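Trainee: Between the sequences and the hints, there should be enough to build the whole structure, so can you do that?
Spelled out, the chains give:
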Amino acid sequence: MTSQQVGIVLTIVAHEDVHLSIVKQKGDWGDAYQKKAAVVRLSRADLEKLALKDGAKVEMSTAAGSVVVTARSDATGEPGVGFMPSSLHTNRLKSYDPGSAISPGKHIEARVMPAEKGITLVAGLIVRRNRA
Amino acid sequence: MTSRTLVCTGCGCLCDDIQVETDGANLGKIENACAKGAAYLQDTFNPERRNKSSIRGQSCSSEAAVEEAARLLSKAKHRLIFGLDNSTLETQALAIELARKLGAVIDDASSFSYGPLVESIIKKELPTCSLSEVKDKADLLLYWGANPTATHPRHLSKYTYYAYADFNPAGWYPKVTLSTIDVRQTELTAMAKPAFKIKPRGDRELIAGILAESPTPTDQAKQLSELIRKSRFCAVFCGLGLVHSLGGDFTGFTRMVRMLSQSIRVAVIPMIAETNMLGFSQSLHDKSGYVNSVSFANSVSHGREFSFPEQVHHQAADCILVVGSDPFSALPQSLMSRLQGVDILCLDHFSTLTTEAADVVLPTAVPGVESGGNVVRLDGDKTALAEPIKDGYPTQEAILRQLLETVRP
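Protein sequence lines, in the order shown, are assigned to chains D and F. Convert by adding 781 to the 1-based position in the first sequence; the result is the number in the working numbering. Convert by adding 940 to the 1-based position in the second sequence; the result is the number in the working numbering.
Hints in this document: simulated from the structure, not taken from any laboratory. There's no promise every hint is true.
[Said to hold, decoys possible] As a list, the in silico SDA-like pairs of lysine to any residue whose alpha-carbon atoms are at most 25 Å apart: (1) D/807 to F/966; (2) D/817 to F/1124; (3) F/1139 to D/851; (4) D/817 to F/975; (5) F/1162 to F/1136; (6) F/1330 to F/1003; (7) F/1139 to D/859; (8) F/1015 to D/912; (9) F/1170 to F/1199; (10) F/1139 to D/799; (11) F/1137 to D/854; (12) D/817 to F/978; (13) D/807 to F/1332; (14) D/830 to F/1124; (15) D/807 to F/1296; (16) F/969 to D/806; (17) D/898 to D/825.
[As the list claims (entries may be wrong)] If you want the footprint, here are the derived chain F segments under chain D, 3+ residues with CB under 8 Å: (18) 989-1001; (19) 1090-1098; (20) 1117-1127; (21) 1265-1271.
Quantities reported herein were computed from a predicted structural model and do not represent experimental measurements. Using N, Cα and C, we set each Cβ at its ideal position, and we do this for glycine too.
Mentor: This is how it looks when you write it as structure tokens:
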């Protein structure tokens, strides 16, 4: 089995993004949010392992859930580490660790593999409640 | 339109030099605000971004919303009050009083972010100083796991690097050393000389190296140690990158700061993004002895089990009052999905995913624009907000006072 078939496990670091903060402040949960949030920056080495080019789609999975996002090449990135802006997409991937001192954290261990599905839409990531 | 000066409550910087033109209903020119602050101010004047009173999605009068909130809080058996990091000290004091009256749990976002660091600062286990002490005096600015260009856009220009009076005319470089410790390259690391790039969760190893507790200290630890030791006054700005890497355990970091403080001055300032998290931590500490995660059910109890995420995970609360916070956009979906069947009441000025999910929405005035009061900046400096320039919404304080008068424990 190749990396393209089984994917690779990476540490994804969620970080703040001022442009995404502004889009969120404006209450725009549509295309503008999607474009800023549904992106992971991967090292060139990891993109090569996955036989992907800049702009390809990847599926990221954890025990909590999965999302499909756009992979961007990070010229300064280290193999084994990816970066994503903190968003509803990273919230889907994060697990809550009961009892830990600081949880949820900024680090997510995720399996990343090439995807053919469409980018995960924001609408599907919003927690809806059944109000009586 | 007339020109007014405001304190921006868009982030923890609390910039007090924001000039706006307004006639009370419309916003004209904004000066000095960053992009984040400008978006915040523009939304204040945008009716589509403001909340309307509602009960289970149906519009209602503000009186009806307050009445329903009081009814739900009164009938609940386990109440939780959460948020308040963007509220004034006056609002926070009333919320703590409400929690005490109801025997409720009260918590803020510091329980899963800056809590341990803030607690160390409040208890004076870590030295700190005001941003006015930093400017022109600190000769080393060390941003650790922090990127103010993303979180506090004017931090460098108003308070630190670019605010220095002295600069090297050849290139206008301020006469201060700017250094960073981060896991990725950012706009800030590109300016830093030197920038220390570390591996995710590599902060503990770096600290051990500086403490000379690592048998094989890295070159980075040696270089950083030398950089700090040759400074006179090092201001360390701690971001969430450091907090999460250390898992909230600042024991080693505190020992490192104390060791370095024997030869130079070191001051630690948390890069809190919220308007008044430090104020909430201080207020709750004054009233209960703890900075967050407090239950008033039986006198005063404190523990991780009273943090918002633990309360949600264990479905411990049957009614949650959220004040000026948006946990539905900030916390894992697997966690927030556990809130089915819980009554959620939300006080907020802007529409958020949490107001969309709430059973009762209570619109409120924007602090600093539509209401006054006091807040505590991220460096501990108490700041009075300007007189309101706009009205039309009740203050958080007024609503909490109404609830305090009407709820039954």
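Trainee: Work down the list of hints and note, for each, if the structure agrees.
Mentor: Now the hints, each set against the structure:
1. A C-alpha spacing of about 17 Å is found between residue 807 of chain D and residue 966 of chain F, which places the hinted pair at or below 25 Å, so the restraint holds.
2. Proximity of residue 817 of chain D to residue 1124 of chain F is assessed by CA-CA distance (about 18 Å); at most 25 Å being required, the pair is judged to hold.
3. At roughly 23 Å between alpha-carbon atoms, residue 1139 of chain F and residue 851 of chain D fall within 25 Å of each other, so this suggested pair holds.
4. For the proposed pair residue 817 of chain D and residue 975 of chain F, the alpha carbon gap of about 16 Å is at most 25 Å, so the pair holds.
5. The hinted pair formed by residue 1162 of chain F and residue 1136 of chain F meets the criterion: a straight-line CA distance of about 11 Å does not exceed 25 Å.
6. Taking the CA atoms of residue 1330 of chain F and residue 1003 of chain F, the gap is about 21 Å. The hint holds against a cut of 25 Å.
7. Distance restraint check for residue 1139 of chain F and residue 859 of chain D: the Cα-Cα separation of roughly 9 Å lies within the 25 Å cut-off, and the hinted pair is therefore satisfied.
8. Among the hinted pairs, residue 1015 of chain F with residue 912 of chain D is consistent with the structure: their alpha-carbon atoms are about 17 Å apart, no more than 25 Å.
9. Restraint check: the Cα-Cα separation between residue 1170 of chain F and residue 1199 of chain F comes to about 14 Å, which is no more than 25 Å; the hinted pair holds.
10. Between residue 1139 of chain F and residue 799 of chain D the alpha-carbon distance is near 23 Å, which keeps this suggested pair within the 25 Å criterion.
11. For the hint linking residue 1137 of chain F to residue 854 of chain D, the alpha-carbon distance of about 18 Å falls within 25 Å, and the restraint holds.
12. Between residue 817 of chain D and residue 978 of chain F the alpha-carbon distance is near 19 Å, which keeps this suggested pair within the 25 Å criterion.
13. With a C-alpha separation of about 20 Å, the suggested pairing of residue 807 of chain D with residue 1332 of chain F holds against the 25 Å cut-off.
14. Restraint check for residue 830 of chain D and residue 1124 of chain F: the C-alpha separation of about 21 Å stays at or below 25 Å, so the hint holds.
15. A C-alpha spacing of about 15 Å is found between residue 807 of chain D and residue 1296 of chain F, which places the hinted pair at or below 25 Å, so the restraint holds.
16. Taking the CA atoms of residue 969 of chain F and residue 806 of chain D, the gap is about 19 Å. The hint holds against a cut of 25 Å.
17. Only pairs whose Cα atoms come within 25 Å are accepted, and residue 898 of chain D paired with residue 825 of chain D is accepted, the gap being roughly 22 Å.
18. For a cut-off of 8 Å, the count of residues in the stretch 989-1001 of chain F with a CB near a CB of chain D stands at 3, and the three-residue condition holds.
19. Counting residues of the stretch 1090-1098 of chain F whose C-beta lies closer than 8 Å to any C-beta of chain D gives 3; at least three are required, and the coverage claim holds.
20. For the stretch 1117-1127 of chain F, the assignment as covered by chain D holds, since 3 residues bring a beta-carbon within under 8 Å of that chain's beta-carbons and 3 suffice.
21. Three residues within the 8 Å Cβ limit are the bar, and the stretch 1265-1271 of chain F against chain D gives 4, so the coverage statement holds.
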